[in-house]
Amino acid sequence: IEKILHNINDKMLREIAEKQLNFINNIKMHENIS
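Read left to right, the sequence shown gives residues 100 to 133 (the numbering used here).
A hint or two may mislead.
Pairwise CB distance ranges, derived in the manner of DEER restraints [stated by the list, open to error]: (1) Ile100 - Glu130: 42 to 48 Å; (2) Asn124 - Glu101: 30 to 36 Å; (3) Ile100 - Asn131: 26 to 32 Å.
Calculated directly from the structure, the hints in this document are not laboratory data. C-beta: ideal position from N, C-alpha, C; glycine also.
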């Protein structure tokens with residue numbers, strides 16, 4: 100059961116990290132445009 104919980108946490112953390120990276124990349128892109 101603990102392994103399953105770890106897997107769920109890993110997936111959530113990866114999704115959050117990817118969203119944050121995309122957000123940062125979008126800001127950098129906008130700064131480069133303007």
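- Task: Please write out, lowest number first, the hints stated earlier that are contradicted by the structure.
- Result: Hint check: 3 fails alone, others pass.
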